[in-house]
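Peer 1: Sequence:
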Amino acid sequence: MPDWRTEVLEAVQRWLAKEGQGGSPRWEAIAAARPGAEQGWFTVDLRGRRGSLELFEALRIGPAGLKYPERDAHPVGEVVVEGEIARVRAGSFLDGELCLYGLVQPRGFLIQRLLEALRGLTDPGKADDLARGRLTTLPPLPTDRDRTLNPAQWQVYDACHTPGLFLVWGPPGTGKTRVLALAITSLLQAGSRVLLVSPTNVAVDNALLEVVKSGQFGPGELVRVGPPALPDVAKNPSVSLPLLVKDRQRKVAEERDEVERRLSVLQDSVAKLRRLEDELAGYDPHAYETARRLIDQEQQIAESTAWLERLGTELEQARMTAEAKHRELARAEAAWEEIAPARQYLAEAGELRAQLNGLEIEAGKRELALMQADSAYQEALAKVRALESQPLLARLRNRVAARNARETRDTRHRELEAAARRYEEARKALERQRPLLQARIPELLQRAAPIDEAEIARREKVLDEARAGADTAKGEVAALERQRDDLRRKLETMRAGPRATDEHHRVVAEAEQANFPTRHAELERLRQHVKAEEPQRQRLEARYRELGEKLERLRRDAEKEIIGQAKLVAATLARSRIHPAIAAREFDVVLVDEAGAATVPEVLLAVAKAERTAVLLGDFLQLPAPTASDFRQDDNLRARDWLGRDCFEVCGIRTPQDARDHPGCAVLTWQYRFGPAIMQLANRAMYAGELQPGRELPALDPADPEIVFLDTDKLDDLGTIRRISRDSGWWPAGGLLGRILAQHHRDRGESVAILAPYRYQVEVALEALRDVEDVRASLDAEALTIHSAQGCEFDVVIFDLVEDGRRPGWVAKGRADSTNGYRRDGARLFNVGLTRAKHRLYLIGSGKAVRRAPSGTVLHTVRKLVREGLIRRVAATELLAPAGAEPAAQPDPVTLELADVLSQYVRIVEVLDERTFYAALEAYLGAARQEIYLWAPWTAKRTHQVLPLLSDAVRRGVDVRVFVRGSTDRQMQERKDFREALAALRQAVPRVIRYRDMHQKLIVIDRRVTVLGSLNILSHSTTREVMCIVEGHRFAAKMLEHEHGEAFSTPPGRCGDCGHPEVELWRSKESKMNYPWFWRCGRRDERGRQACAWRQEVRLRRERNSGT
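All residue numbers for the sequence shown refer to numbering that gives the first Met the number 0, where the first residue is 0 and numbers rise by one.
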């Protein structure tokens, strides 16, 4: 093993020990994922986040706050990284508050993989030359080539085709990307295998995209591994590895799409449920039921009182009827008692008559029995006689039958004699009693006369009817008395309990007018339906995750094959060593772009893959790898040698002259990116005059300076840095000015970046930018640390120096010729920031810091160029005017231009941050006397803090109008706290207008005081914000005119077609009609789509492009 490998391994081990290691891969939340314009795609804002998606082994999307994303979240299908905005594809059925999760390797993972790869090097190849500083002599500088490239660029081109190891020093804008693209195209056409790597995604993509544009290569011949930074690369199916893999996953992907479709159908019910919950967010079913019951009770009291009166009347009538029936009964009973003797005689006569009839019947029965007995005897006698009259032989033969016949005859004879005796007894008894009874019966009838049986039956019937009538009447009286008593008790209970008030009537009227009870019943049914579907949803989601994991396995297999067959593989240095398919390949040519920003060990590993040629391109006067500053003064000599230096230093190149003198280092100094002023600043600050114009530069235009220095002196608290550490911090001036300038240039269609040396200031800028951006739209303005911006270029760069003149910061200490690494890196940082700009560079900082800058520092150079007129100084006090600041007597055209730009946004009277704002707001709202216009996109917990102030203003008679986001906003749809806050706001404030996609944070009070800035008044949580207070009728009137406050706060009462009670403010996309505004029905179907097509144009007195 060569000695240098031992040293490098020792250095990387030192790095690993310092970084720390251990643990196992873990899932962590990366950032919020919001639905994009395309169904199933989600947008993730990565700005301000350390690292990139490359650091994650796997990605998943799921609800925010998951404890186990590996189990409960869904695999990501595709990833497209556009700058610092990622677009990821997942299930279209996903909704709610979502988060992108990543499987991050344990601390020190990339360093550990680097260490393992270096240990596994069996043949270092070109890495041995680089480690020893042995560069191959460059091909001669050509003089006979066409003008496609300049001579130095042709020399680099030839170096790419020449065996050996070469360095290329190319400052920003000198055409490195163009040379690489032409060289790669030529190498691939010649059959070479090429590896293109860089520390950053953007550098890889810039060169790759130029090759792609040549159109000379088919699908899979060029392969981009890892998340691209440029959309044109990410979306190219012939280059993007995920899209190349997608063809090989088609069958499984189709099944997953079908599962996704079924989940989307199920999601319709959930969407409808949430929509109903949103619409009924302020509806209290219990309060309605209570109010409805009390109102119904009032009706019952009235009806029961009337019924009680009717019962009294009916009871009197029933009592009178009962008395009459009682008298009838008494008369019937008297008549019945009057014929009691006659009834007795008739009863006795009846008994005697019955006795006589009984004797006659008994005699008749006995006579009949006698006749039957005689007939039976005669029959038996005839049978005996017949047997006895037979011949002797027959008699002998039938002697048993004859004996039996005789016995039967004798029996019948005895029965006949008995029947005769009984008949005789009955006949004699009848003959004795008949005369007596026949004489007694008429006598009794005579005594009863004139009463007979018919009269008795008639009087008995009358008595029974009278008794029945009396009982019925008595029962009716008792029933009516019970009913009366029950009704009295019920009335007493209702009258003693709670009674309906005007508030109860209002609650019921409003609820029933909006059909809330019926919709709430539908909501409850839908909840049960969704609950019943939940098991099926869970099964489908589990299957969706399984298919996602299967696709991931297929992806790994397909990637290995695709990368193995590719002619060009493009990746970052980190990806090239952790992807097994790249690690296993060898290449004819290895090209390393931005090599000066990479650590030497990782460049060595990449160069070791080159069998023929390795070319390293970069600029050692830009920032080195972030680890370099950590190891320059390290106690370990190996760490200082191999981690504290870049690959140029390893080869003995530290200055531009060293580069020119080295036979193995090509020098590119003709720059094509920026104009004369930026080139002069870069030359004087860093390049010692090396940069030369590669094209004819335009003449300096005083009215359109290439560099503008915004002097923040005298901005009071606005221009004071909040220190986080001794040399870093943040300040409101940079965030406010940067946001306004970025918005202005972005609106002009220019690419814009806000750059700052510290992460804290970048976070401030990001919050300001997000205030005016819709993350689902194209994001042209970025906020980056200087390290993150290396390799990028923008039309306009807003370089926030974060220097307030009180204590020198990193930039103020920057000095190119310093032996102190921190100061030298400060100059390099400044160099990176200024060379990102193509057309306009803003420097935001303290004029005092520039005026006091020591000779040799980068700010001293700025001072000189300001004096020479190459940098235009503009006092920020002329743009943002705190109390007491006097405007310049004769502002120059540039100041007037910027003042006009900034005047569209703010003119300061008082500047507040998130800590002091709400106390001031209380005072301003408390002083309101006529009207308050308030724009606040989202309603959340801050609503409950501001609501008492607004309610008090309403009670004082102040006209309060509040604008919030419309029903298309997912947070307003899905977050319960947002919906509840909105409902509370509507109860307290008469006019709440829903406004599609609004972003303004603005208050206008009494057309005199204007409050505006980055703080969301009704939903602010913990972020750093700035709010400005502006006083003056003219400015307030201008803001109201700009926002069409009057027209927008008087919506129609309801939809003109379906009568829906809520309408929302929308803006058309018809540019030919100046994007007209219109009211639109707020009713939405179960899938969240517009359910009614009604719209009504908003007629404005003056048409302007206003609003968001």
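Some hints could be false.
With beta-carbon atoms standing in for the labels, derived distance ranges [what the hints assert, rightly or not]:
(1) GLN1095 <-> PRO284: 28 to 34 angstroms
(2) ALA698 <-> HIS1041: 23 to 29 angstroms
(3) ARG518 <-> SER237: 36 to 42 angstroms
(4) LEU1099 <-> PRO284: 54 to 60 angstroms
(5) LYS975 <-> ASP700: 32 to 38 angstroms
(6) LEU490 <-> GLY64: 53 to 59 angstroms
(7) ARG326 <-> LYS427: 54 to 60 angstroms
(8) ASP715 <-> PRO284: 52 to 58 angstroms
(9) ILE723 <-> LEU1099: 44 to 50 angstroms
To be clear, the hints were calculated from the coordinates, so they are not data collected in a lab.
Keep in mind that this is a model prediction, so the values were computed, not measured.
Note that CB positions come from ideal geometry on N, CA and C, so glycine has one too.
Peer 1: Go through the numbered hints given earlier and state which of them the structure violates, listing their numbers in rising order.
Peer 2: Numbers 2, 3, 4 and 5, in rising order.
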